[in-house]
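Engineer: Letter by letter, the chains look like this.
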Amino acid sequence: MRRHAYLAMARKKRMIVQIDDYSYLIVLPRRYAKAGFLKAAKVVPGSYAEELVERIYDSVVTYAVDLQEEYRKYYLDEYRNFGRFLYWKYEIPRLRIDEVMDSIGDESFVAYTRGGSGFLWVPEFLETVEDIFSGLEEVDDED
Amino acid sequence: MKIRTDFVTNSSSTSFVLITRGELEREDFRRLMGVTDESPFVPIFDALFDYLVWSMSPPEDFARSHRRYDNWQTHMEKEFSGEVAERVSEAVRRGDRVYVGSFSNDEEPLKAFFCVDSFEVENDKIYLNYLNCAY
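As they're listed, the protein sequences go chains D and V. Each residue of the first sequence is one higher than the one before, starting from 1 at the first, in this note's numbering. Each residue of the second sequence is one higher than the one before, starting from 144 at the first, in this note's numbering.
It should be emphasised that the hints constitute simulated quantities derived from the structure, not laboratory data. Just so you know, these numbers come straight off a predicted model, no measurement behind them. Errors might be hidden in some of the hints.
[Said to hold, decoys possible] BS3-like, lysine-lysine: derived pairs with alpha carbons at most 25 Å apart:
1) Lys145/V to Lys42/D
2) Lys73/D to Lys89/D
3) Lys145/V to Lys254/V
4) Lys145/V to Lys34/D
5) Lys145/V to Lys268/V
6) Lys42/D to Lys268/V
7) Lys145/V to Lys39/D
8) Lys254/V to Lys42/D
[Said to hold, decoys possible] In silico contact screen, one side only, chain D against chain V (beta carbon under 7 Å); selected entries:
9) Ser47
10) Tyr48
11) Ala49
12) Glu50
13) Glu51
We put the CB at the ideal spot given by N, CA and C, even for glycine.
Input sequences plus hints: build the corresponding full structure.
Structural biologist: Structural data, given as structure tokens:
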């Protein structure tokens, strides 16, 4: 593989970061709608593949804990900033927080999920989901 | 296309029945599962196709290798259901290709995932009963 391809892979921004054996931190530029995720997945409506992709989206977005929302609603007074909230409330390692803090803006969707319903610990699913979200981000940038 | 999905299980292995009219091609399987050729999920479903193909055999061979029952028809009834057994018998009479298989949760996370998933799908060419999970 050529050197520039290696560098591109190294620079690829992680959107789903594993915290421990079961927990994941998800950081997206915004909360992407299920319709866009399904469209990017290019699966047939009414099929098993669509049902599977819906489950994946729900595990990563719908049923994940929206951390920025939770922080703003309930913990603004208790924790000086969002990073401290992630560290003390959710025990997310500092290294992991440092990895993602630069990516977080006011519109970002930052979420926490345990297990991702069995999808995220499978490398093939994790990579595919990240590729789809990266593609959605590129579409955003073009707009 | 018809699909039925069941609860996610905690099983360590899965067994399945696959009936096809004519040769089973990878593209046919993608169409059955509902993934287009351009989908980023193609490698995942191609891997599932490989798991199935590598582990399946005609019902009589499968039953013989498991040696639990006197014949494959009894094996189908006991391991799947009367309805599935009847469907298999009918397919055999029609001259369709019938396969039975199983695989276990081993070192591959993707294979382990598909051991706990459970569904039944059917289109004009293929029927796949993937509802049977075991501990």
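Engineer: Can we keep the Ala49/D interface hint, with Cβ of chain V closer than 7 Å?
Structural biologist: holds, 4 Å
Engineer: Would the hint on Tyr48/D be counted as holding, given a Cβ-Cβ threshold of 7 Å to chain V?
Structural biologist: Holds, about 5 Å.
Engineer: Given the hint that Lys145/V pairs with Lys39/D, does the C-alpha gap stay at or below 25 Å?
Structural biologist: Holds, because 21 Å separates the two Cα atoms, which is no more than 25 Å.
Engineer: What's the verdict on Lys42/D and Lys268/V, does the C-alpha distance respect the 25 Å limit or exceed it?
Structural biologist: holds, 22 Å
Engineer: Please check whether Ser47/D passes as an interface residue: C-beta within 7 Å of a C-beta belonging to chain V.
Structural biologist: Where the cut-off is 7 Å and the nearest Cβ of chain V is about 2 Å from Ser47/D, the hint holds.
Engineer: Tell me if the straight-line CA distance from Lys145/V to Lys254/V falls inside 25 Å.
Structural biologist: With Cα atoms ~24 Å apart, Lys145/V and Lys254/V stay inside 25 Å; holds.
Engineer: How about Glu50/D: closest beta carbon in chain V under 7 Å, or not?
Structural biologist: Check passed: Cβ of Glu50/D comes within 6 Å of chain V, closer than 7 Å.
Engineer: Would the pair Lys254/V and Lys42/D pass a check requiring their Cα atoms to be no farther apart than 25 Å?
Structural biologist: Answer holds: Lys254/V to Lys42/D is near 22 Å, not above 25 Å.
Engineer: Given the hint that Lys145/V pairs with Lys268/V, test it: the Cα-Cα distance must not exceed 25 Å.
Structural biologist: holds, 12 Å
Engineer: Take the C-alpha atoms of Lys145/V and Lys42/D, compute the straight-line distance between them, and say whether it is at most 25 Å.
Structural biologist: holds, 19 Å
Engineer: Check the hint pairing Lys145/V with Lys34/D against an upper bound of 25 Å on the C-alpha distance.
Structural biologist: The hint holds at about 23 Å.
Engineer: Need the status of pair Lys73/D, Lys89/D: alpha-carbon distance at most 25 Å?
Structural biologist: holds, 14 Å
When held up to the earlier numbered hints, the structure conflicts with none and fits them all.
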